[in-house]
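There are 2 protein chains.
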Amino acid sequence: MDEHFLFYVPPGQIDHARLQFTEDEAHHITKVLRKQPGDIVQATDGVGNTMDVRLIEVDKKKVAGEVIATYNTPAEPDRILAMGVIRQRERLEFAIEKAVELGVTKIVLVHSEHAGRMEIKSRRIDKTIIAAIKQSRRPWLPAWEERDSFFDVLAAYRESREVVMAHPDVEGTYEWKAEDTPMLLLVGPEGGFSPNEVEQAVASDIKIISLGQKRLRTETAVCAMLVLANLGR
Amino acid sequence: MDEHFLFYVPPGQIDHARLQFTEDEAHHITKVLRKQPGDIVQATDGVGNTMDVRLIEVDKKKVAGEVIATYNTPAEPDRILAMGVIRQRERLEFAIEKAVELGVTKIVLVHSEHAGRMEIKSRRIDKTIIAAIKQSRRPWLPAWEERDSFFDVLAAYRESREVVMAHPDVEGTYEWKAEDTPMLLLVGPEGGFSPNEVEQAVASDIKIISLGQKRLRTETAVCAMLVLANLGR
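Chains as they are written, first to last, in our numbering: chain A, 21 to 253; chain B, 21 to 253.
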């Protein structure tokens, strides 16, 4: 059995013990890995199930198989990351890839005051997230969405979550909460949070933490926040 | 004064209060930022000094200036990162960039058992490191080198350092030492450490820690180790 990748199959393409891979996955299975009928691969539905799948039909456009075993993985700790959008596409995709590897459960791309509005290519974001769960063998597919401001983010997700904002030059220490605490992590765009955004955070009693004395790029701060939230205790 | 970038000037190009920028920096100053004589920029010699520099001569091949103020930054905690080389150039450069932002003091690229030998383009590594200190405004330039194996790394750097290796599926917890403890951090290549490398680490009583249940890419493990060593307490 090939355990190197965990292929992603949307739940709608699984019908009892029979499933059909998407075209992207079919391409990977046939053209890159050159699998044959009878070969066994592992796949996830993105909602916690990992399946051993015996391939039945292997065509470059259509790959189908039967599920011969299913394993369930419990839900992961709630980690919503709201980050200012990054203009450089590779850096944005890198931030998303790393967030997925490091355990994010939802990514919110924020057209914040210093980030400005920019067009997001949905299909590329989807592909980046799927590639990252495949590579890191993670059976939960994080969701993602766009929001117009950090205020929108707070209105939508603040309730019942610990909210932590990364911002340079703040004093004091912060003790990360237990791993199962639902968290909303806020990371600014290149250029950081606006004075207005910081003021509102202070006023609404959000935890503001410093990530050290060096100036970090957005994608680096994304990595640091998730490492600290998930491993830093 | 433009405080956005911290330009790098090798100590050999500084003669008392007068300095000359390298050609790469001259290009950045003239072509990208379009500075003029009289403008003031900040530069570092990479050994802890940050200088305010008034530009005197501004030509696309030669930019020179005079130092009008110098600030000294104490040495940073000793953090040697030894990582298996990554075949994909962008991922290797990304790992290096992130290590620099997150406070590495020396990077050792290891042609380890599972990494194999690969040609390293020195000039690109130099450029990546310099770009990262400029961007993160860090006045210390990390060194880098290549080594043939992790055994070489241990022989060279183990003494008087806390040695921590990231490896999946290990049990137990690890308490990171105080920030000023000299540390040698070991991260495997794609494909991880070889059984031989792990066995030797176990035998020589190196601390082996897990970075969670998900499989991390090399560059992600690099970020996680440095975040934990520098911020995770």
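Because the hints were derived from the structure by calculation, they are not lab data. Misleading hints may appear alongside valid ones.
Copies of one chain are not kept apart here, so a pair can be met inside one copy or by any two copies together.
To be verified - In the BS3-like style, the derived pairs of lysine-lysine whose C-alpha atoms are separated by at most 27 Å in a straight line are:
| id | residue 1 | residue 2 |
| --- | --- | --- |
| 1 | LYS154 | LYS234 |
| 2 | LYS80 | LYS154 |
| 3 | LYS234 | LYS147 |
| 4 | LYS227 | LYS51 |
| 5 | LYS81 | LYS154 |
| 6 | LYS234 | LYS55 |
| 7 | LYS51 | LYS197 |
| 8 | LYS234 | LYS197 |
| 9 | LYS55 | LYS82 |
| 10 | LYS141 | LYS51 |
| 11 | LYS197 | LYS141 |
| 12 | LYS51 | LYS80 |
| 13 | LYS80 | LYS227 |
| 14 | LYS80 | LYS55 |
To see whether the hints hold, each was checked on the structure:
For a Cα distance limit of 27 Å, the shortest separation of LYS154 from LYS234 across copies, 11 Å, qualifies, whereas the shortest one inside one copy, 33 Å, does not. Taking CA atoms no more than 27 Å apart as the test, LYS80 paired with LYS154 passes inside one copy only; the shortest distance there is 19 Å, against 47 Å between copies. With identical chains, the CA atoms of LYS234 and LYS147 are at most 27 Å apart between copies only, with a shortest distance of 19 Å across copies and 32 Å within one. In this assembly of identical chains, LYS227 and LYS51 lie within 27 Å of each other by CA distance neither inside one copy nor across copies; the values are 49 Å within and 42 Å between.
In this assembly of identical chains, the alpha carbons of LYS81 and LYS154 lie at most 27 Å apart only when taken from the same copy (20 Å versus 48 Å across copies). In this homomeric assembly, LYS234 and LYS55 come within 27 Å of each other (Cα to Cα) only across copies, at 25 Å, whereas the closest approach inside a single copy is 47 Å. Neither within a single protomer nor between protomers do LYS51 and LYS197 lie at most 27 Å apart by alpha-carbon distance, with minima of 45 Å and 48 Å respectively. For a Cα distance limit of 27 Å, the shortest separation of LYS234 from LYS197 qualifies both inside one copy, at 24 Å, and across copies, at 21 Å.
Proximity of LYS55 to LYS82 under the C-alpha cut-off of 27 Å is restricted to the intra-copy arrangement: shortest distance 12 Å within a copy versus 58 Å between copies. In this assembly of identical chains, the alpha carbons of LYS141 and LYS51 lie at most 27 Å apart only when taken from the same copy (25 Å versus 31 Å across copies). Proximity of LYS197 to LYS141 under the C-alpha cut-off of 27 Å is found in neither arrangement, the shortest distances being 34 Å within a copy and 43 Å between copies. In the homo-oligomer, the alpha carbons of LYS51 and LYS80 lie at most 27 Å apart inside one protomer (7 Å), although the nearest pairing across protomers, at 49 Å, exceeds that limit.
In this homomeric assembly, LYS80 and LYS227 never come within 27 Å of each other (Cα to Cα): the closest approach is 50 Å inside a single copy and 47 Å across copies. Taking the shortest alpha-carbon separations for LYS80 and LYS55, only the intra-copy value of 10 Å comes in at or below 27 Å, while the best inter-copy value is 55 Å.
The earlier numbered hints that this structure contradicts are 4, 7, 11 and 13.
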